[in-house]
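Asker: These are the residues of each chain, in order.
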Amino acid sequence: MDLSQYLEMFIDETKEHLQNLNDQVLVLEAEPDNIDTINEIFRAAHSLKGMAGTMGFKRMQRLTHDMENVFSEIRNGKMGVTPDLVDVVFKCLDAIEEYLDCIINTSDEGENDNEEIIKTLNACLEGGSAAAPIETVSAEEATPAEVAAPAETAPADDDKRKFLHIDIADFEKNAISEAKAKNLNVYGVTVYIDENCILKAARAFLVFKGVEAVGEIIKSVPGVQDIEDEHFDFDFSMLIISEKNIDEIKKIIADVSEIKEVIIENYEIPADVEVVSSVQEKKEKKKDKDDGKKKSTPAKTNAKPVANRSVRVDIEKLDVLMNLVSELIIAKNGLVSASSSTLDENKASMQSFNEQIEYLERVTTNLHESVMKVRMVPIESVVSRFPRMIRDLSKKLGKEMELIMTGEETELDRTVIDEIGDPLMHMLRNSADHGLESTIDRLKLGKPQCGTIQLNAYQDGNNVTIEVIDDGAGIDVEKVKRSAIEKGHITEEQAEQLSEKEAIDLLFRPAFSTAEKISDVSGRGVGLDVVKNKIEGLGGDVEVSTKLGEGTKFTVRLPLTLAIIQALMVEVRDEKYAIPLNSIVTIEDIPVSDIKYVQQKEVINLRGTVIPIVRLDEVLDSEPREEEPENLVVVIVKKGDKQTGLVIDNLLGQQEIVIKPLGKYINIHKIISGATILGDGGVALIIDSNSLI
Amino acid sequence: MDENEILVESKQYIVVKLDAEQYGIDISYIDNIVRMERITRVPKAQSFFPGVINLRGEIIPVMSLRNRFGLADKETTNATRMIILKPENGAKIGILVDEVREVVTLDESNIEKTSSRDEQGFNLLGVGKYKDTLISLLNIQEIINELDNA
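Going down the list, the protein sequences come from chains A and B. Using my numbering, you'd call the opening residue of the first sequence number 1 and step up by one each time. Using my numbering, you'd call the opening residue of the second sequence number 1001 and step up by one each time.
Please note that a few of the clues may not be correct.
Here are the in silico distance ranges between beta carbons for each label pair [as the list claims (entries may be wrong)]:
| no. | chain 1 | residue 1 | chain 2 | residue 2 | range |
| --- | --- | --- | --- | --- | --- |
| 1 | B | S1028 | A | E628 | 30 to 38 Å |
| 2 | A | D574 | B | E1146 | 28 to 36 Å |
| 3 | B | R1056 | A | L367 | 17 to 25 Å |
| 4 | B | R1038 | A | N605 | 48 to 56 Å |
| 5 | B | E1112 | A | L367 | 55 to 63 Å |
| 6 | B | T1076 | A | E536 | 36 to 44 Å |
| 7 | B | E1112 | A | V530 | 40 to 48 Å |
| 8 | B | T1133 | A | V530 | 23 to 31 Å |
| 9 | B | N1089 | A | G334 | 45 to 53 Å |
| 10 | B | N1089 | A | D101 | 24 to 32 Å |
| 11 | B | N1089 | A | P510 | 31 to 39 Å |
| 12 | B | T1133 | A | L7 | 24 to 32 Å |
| 13 | B | R1038 | A | E361 | 20 to 28 Å |
Computed list of lysine-lysine pairs in DSSO-like fashion (alpha-carbon distance at most 30 Å, straight line) [unchecked claim]:
| no. | chain 1 | residue 1 | chain 2 | residue 2 |
| --- | --- | --- | --- | --- |
| 14 | B | K1092 | A | K638 |
| 15 | A | K576 | B | K1011 |
| 16 | A | K664 | A | K596 |
| 17 | B | K1129 | B | K1044 |
| 18 | A | K670 | B | K1092 |
| 19 | B | K1131 | A | K664 |
| 20 | A | K173 | A | K251 |
| 21 | A | K660 | B | K1131 |
| 22 | B | K1011 | A | K660 |
| 23 | A | K332 | A | K660 |
| 24 | A | K332 | B | K1092 |
| 25 | B | K1044 | B | K1131 |
To give an idea of the chain B side of the interface with chain A (calculated C-beta under 10 Å), a few residues [stated by the list, open to error]:
| no. | residue |
| --- | --- |
| 26 | V1042 |
| 27 | G1051 |
| 28 | I1053 |
| 29 | E1058 |
| 30 | V1062 |
| 31 | L1065 |
| 32 | L1071 |
| 33 | K1074 |
| 34 | N1078 |
| 35 | I1140 |
The set of hints was computed from the structure by calculation and includes no laboratory data. None of these values were measured; they are calculated from a predicted model. From the three backbone atoms N, C-alpha and C, an ideal C-beta is built for every residue, glycine too.
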């Protein structure tokens, strides 16, 4: 069977289950007795196993199978949750993740058997259940024979004939009597499936199919639907009508592989006794059934887990939608420019024309917003793996720490979400390793023993801000400077002149680390510069503020979306350019005489701040101006807290622009970040002001 | 002769002119032929890229074939055309030519293979003989690959 078409689905779902497992095991670690959590873990492990089995990933299946066994024991109260067990389970999850990575990259699960983990799991299982009062249900038992018979095994044989307990309704009774009248045989059957069987629903299905070929099934317990959904333990019973004799039927059923035992007998309708005792028996049965149900379908009773209420949409389809909206905006801009050029038309038609434009504008704005929203993903999908990471780091580093997250529901564009995970992880690791002091130091300093790392996300206008705050030692600016001098990044004289801010910025230089010892958590000198590059690549920025002894705060600002932005349209000679509005601080009219020189560079003194200026016409290789005007129009742009003035010729106004790529053939200088289409059909290039600062 | 032509190994080419020389472009590469439009200059791009145009909402870089072949610029006339090429598995690109003449069908027997490169280092697919004229058949794929790798 070709499973490749399901591979993607498998990968997605496995990821979801893994995340869910990670979350739940974390909860379990905190509250080892939480039965809902145990059930949830069991269910997820079970689904994983089933999925891996279907896709033919044997190693993954085996591992998840053993994990499921362990939780099955826990669920049945035969084992307790110990910290050791939690560690093993986490290892197990990591191993599964490894398989998954392997599958993503090569469509194959790889060669790692993870024997060690399986052994430990089984050791837990044996250790746990040896102490428990009831017999083991280990998958590894060589002889699965009797041991695993349902727990309530009392007078063996009698109880195995579970079909005797089937409730039959009147019409079923009629069917049975009719069959008897026609000289057909009516049998009661109870089938026991091998406990090691993985696809018990499939086995049951084969039994049903075999029986239906030679007769008719009047009733089965549990019902067909439950059996298909694997909502049963290892046995099921049914009443069948057939012409064949008892041995033939038995053979048909026993021929299905992994069937442990078939009990079949001629069935008689329980006589009047039944009527008398029916009430009591029914009650009992109901109880039985309920017990069974509770055991096998925890998900059903314990409120279904809140699934991601989302539809997976191919990003390409969204892109198409986005392009349509873009065109609509372009059309609107066209209308706007057409209206301004037909000013001398009669006034009445002008007014309705304007009304139409306003209407169109409203529609496009709404459409834009809703399409944007479709592309938005809560940041939760990225940050949900961090609690687990911090837990592991805490163990590894021997520091007590906790992660407090807020604003996980904050949404960001899908393209941004995909990229933001690694930088955030770097920053959290950095805080955990460098930021927080060791537990002993904390106690000495009179701080709470347990360090706190906060991850806060919130929307702020057209930006999303993510803060990573720790209550650790803060950044020692002097230490940073010394380290920078040692590594030859700066000279001692330079170091003396550095402000605190500039010194901290040194941390973002490539290959810079102040950690005295290199651990495998962080401190290899790769990190903050990568973080910074990535975030700037997304059109955002990073800031650090710190207080020695009190902690450090990293602030990441990211744009909500990358596709449509507000921009200031400017003119340089006769060419139009767009400058993204979010980087603009002010627009100034500066007399040429106010330009001063510092180190042969032109600067202006704007209300006490010295700002370097860049002549866009020079940068853009425009034709030289014939004569210098008396006043220059300067657009002040910022990047972080640095500012630069861009000298332009003319201001055209603010406009919503759609960012388009320039195609791959043409060499693009870094000052050009893309292009946009104007209302008149022309093209304007977008200036990346960050590259000019 | 056209009527009796055997369809084996015959291809259609669009014949364009740069100065007096005729070049042939395999028709399968051609997406569109448009009149001269306003070209937006892209600062610091390669010298043979006058800029980009907006073709129905899509921004397409335009290359001047003249500049690419080392010919001097020529004023645009009414005959100047932009040929939009769409290579397989590639993005669109426009090329600027002085004039588009006609579509011709050439079969193998009418094409003389050349292995030599011309002075700009371009490998021609061959020289086609059509009626009494010669058509240099451009190796579009190579021109595009070269841009890709640049």
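Asker: Indicate, hint by hint, whether the structure satisfies it.
Answerer: Going through the hints against the structure:
1. B:S1028 x A:E628: 30 to 38 Å: Because 54 Å falls outside the window, the suggested range is violated.
2. A:D574 x B:E1146: 28 to 36 Å: Holds, at about 32 Å.
3. B:R1056 x A:L367: 17 to 25 Å: Between B:R1056 and A:L367, where Cβ atoms are some 20 Å apart, the hint holds.
4. B:R1038 x A:N605: 48 to 56 Å: violated (40 Å)
5. B:E1112 x A:L367: 55 to 63 Å: Cβ of B:E1112 to Cβ of A:L367: about 57 Å, so the range 55 to 63 Å holds.
6. B:T1076 x A:E536: 36 to 44 Å: holds (40 Å)
7. B:E1112 x A:V530: 40 to 48 Å: Given a distance of about 56 Å, which is not inside 40 to 48 Å, the answer is violated.
8. B:T1133 x A:V530: 23 to 31 Å: violated (60 Å)
9. B:N1089 x A:G334: 45 to 53 Å: violated (33 Å)
10. B:N1089 x A:D101: 24 to 32 Å: holds (29 Å)
11. B:N1089 x A:P510: 31 to 39 Å: Holds, since B:N1089 and A:P510 (Cβ atoms, about 36 Å apart) stay within the stated range.
12. B:T1133 x A:L7: 24 to 32 Å: The hinted range 24 to 32 Å is violated for B:T1133 and A:L7, with Cβ atoms some 56 Å apart.
13. B:R1038 x A:E361: 20 to 28 Å: With a Cβ separation near 26 Å, B:R1038 and A:E361 satisfy 20 to 28 Å, so the hint holds.
14. B:K1092 x A:K638: violated (36 Å)
15. A:K576 x B:K1011: The given pair, whose Cα atoms are some 43 Å apart, is violated under the 30 Å limit.
16. A:K664 x A:K596: violated (40 Å)
17. B:K1129 x B:K1044: With a Cα-Cα distance of about 40 Å, the restraint between B:K1129 and B:K1044 is violated, given a limit of 30 Å.
18. A:K670 x B:K1092: Holds: A:K670 and B:K1092 sit about 22 Å apart, inside 30 Å.
19. B:K1131 x A:K664: violated (39 Å)
20. A:K173 x A:K251: holds (26 Å)
21. A:K660 x B:K1131: Violated: A:K660 and B:K1131 sit about 45 Å apart, past 30 Å.
22. B:K1011 x A:K660: violated (35 Å)
23. A:K332 x A:K660: Holds: A:K332 and A:K660 sit about 17 Å apart, inside 30 Å.
24. A:K332 x B:K1092: Between A:K332 and B:K1092 the Cα gap is close to 26 Å, so the pair holds against 30 Å.
25. B:K1044 x B:K1131: The hint is violated at about 43 Å.
26. V1042: holds (6 Å)
27. G1051: Since chain A brings a Cβ to about 8 Å from B:G1051, closer than 10 Å, the hint holds.
28. I1053: holds (7 Å)
29. E1058: Given a least distance of 8 Å, the restraint on B:E1058 holds.
30. V1062: Given a least distance of 9 Å, the restraint on B:V1062 holds.
31. L1065: Hint violated; B:L1065 Cβ to chain A Cβ min 14 Å, cut 10 Å.
32. L1071: With a closest approach of 20 Å, the B:L1071 hint is violated.
33. K1074: This hint is violated: B:K1074 lies away from chain A, its Cβ roughly 20 Å from the closest one there, beyond 10 Å.
34. N1078: Result: violated, 20 Å to nearest chain A Cβ.
35. I1140: violated (13 Å)
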